[in-house]
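**Student:** The lines below spell out each chain.
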Amino acid sequence: DVKVTQSSRYLVKRTGEKVFLECVQDMDHENMFWYRQDPGLGLRLIYFSYDVKMKEKGDIPEGYSVSREKKERFSLILESASTNQTSMYLCASRETGGSIQEQFFGPGTRLTVL
Amino acid sequence: DAKTTQPTSMDCAEGRAANLPCNHSTISGNEYVYWYRQIHSQGPQYIIHGLKNNETNEMASLIITEDRKSSTLILPHATLRDTAVYYCIVRPYSGTYKYIFGTGTRLKVLA
Chain A
1 DVKVTQSSRY LVKRTGEKVF LECVQDMDHE NMFWYRQDPG LGLRLIYFSY
51 DVKMKEKGDI PEGYSVSREK KERFSLILES ASTNQTSMYL CASRETGGSI
101 QEQFFGPGTR LTVL
Chain B
1 DAKTTQPTSM DCAEGRAANL PCNHSTISGN EYVYWYRQIH SQGPQYIIHG
51 LKNNETNEMA SLIITEDRKS STLILPHATL RDTAVYYCIV RPYSGTYKYI
101 FGTGTRLKVL A
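Read top to bottom, the protein sequences are chains A and B. For what it's worth, the working numbering labels the leading residue of the first sequence as 1, then goes sequentially. For what it's worth, the working numbering labels the leading residue of the second sequence as 1, then goes sequentially.
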């Protein structure tokens, strides 16, 4: 089974702190994604990566950056956390080929910024 | 990317079929319809996808209208564990990496 893991289920940080959210997948997928999920807004794409060291902005990249140094790991960075970044963060991965091309999601990290 | 419209919420009695509609009137010829669901406190999970033919797997059936402007996800015998938010997404099969998740349908299966 594909497994996507995220470093924390719950995280509490203070305004202005630098925050790292880590995501690891074990299926050698080329593509990885970071979403945030807020009530009434659904899932919104922050950044995605289709290869090591490659990244593309999603729909809401402001205030975030990402790093993909190894194929299995995709990190989301909040350079200076703000209260409006309190949210559920979901990581996903997907292979490039294949007959289904489904995204596999991690369990999510609920981040609270005080 | 084509947008989808789904009802905000639905109820279904346990053991009955749950029929979840999705409108995608602006779908393009090369776009597939995907369905995911998200159980509370978990990440979304793939259910099924299709282009224009009806599809069935161990989880559900997908009925796509002939004009492809709408589809219905059918859970044939809903259980309490099917209580979740269901997302209908349209996207090209390849060439783009983005899904656009809407707000989905919150399905509550009632005992």
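Misleading hints may appear alongside valid ones.
[As the list claims (entries may be wrong)] Label-pair distances were calculated between CB atoms; the ranges are: (1) A:50 with B:56: 29 to 37 Å; (2) A:52 with B:14: 44 to 52 Å; (3) A:9 with B:14: 25 to 33 Å.
Rather than coming from a laboratory, the hints here were simulated on the basis of the structure. Bear in mind that the values here come from a model prediction, so they are computed numbers and not experimental data. Every residue, glycine too, gets a C-beta built ideally from N, C-alpha and C.
**Student:** If a hint holds in the structure, say so; if it doesn't, say that too.
**Tutor:** Each hint tested on the structure:
no. : hint                       : verdict
1   : A:50 with B:56: 29 to 37 Å : holds (31 Å)
2   : A:52 with B:14: 44 to 52 Å : holds (47 Å)
3   : A:9 with B:14: 25 to 33 Å  : holds (29 Å)
Checked against the numbered hints above, the structure violates none of them.
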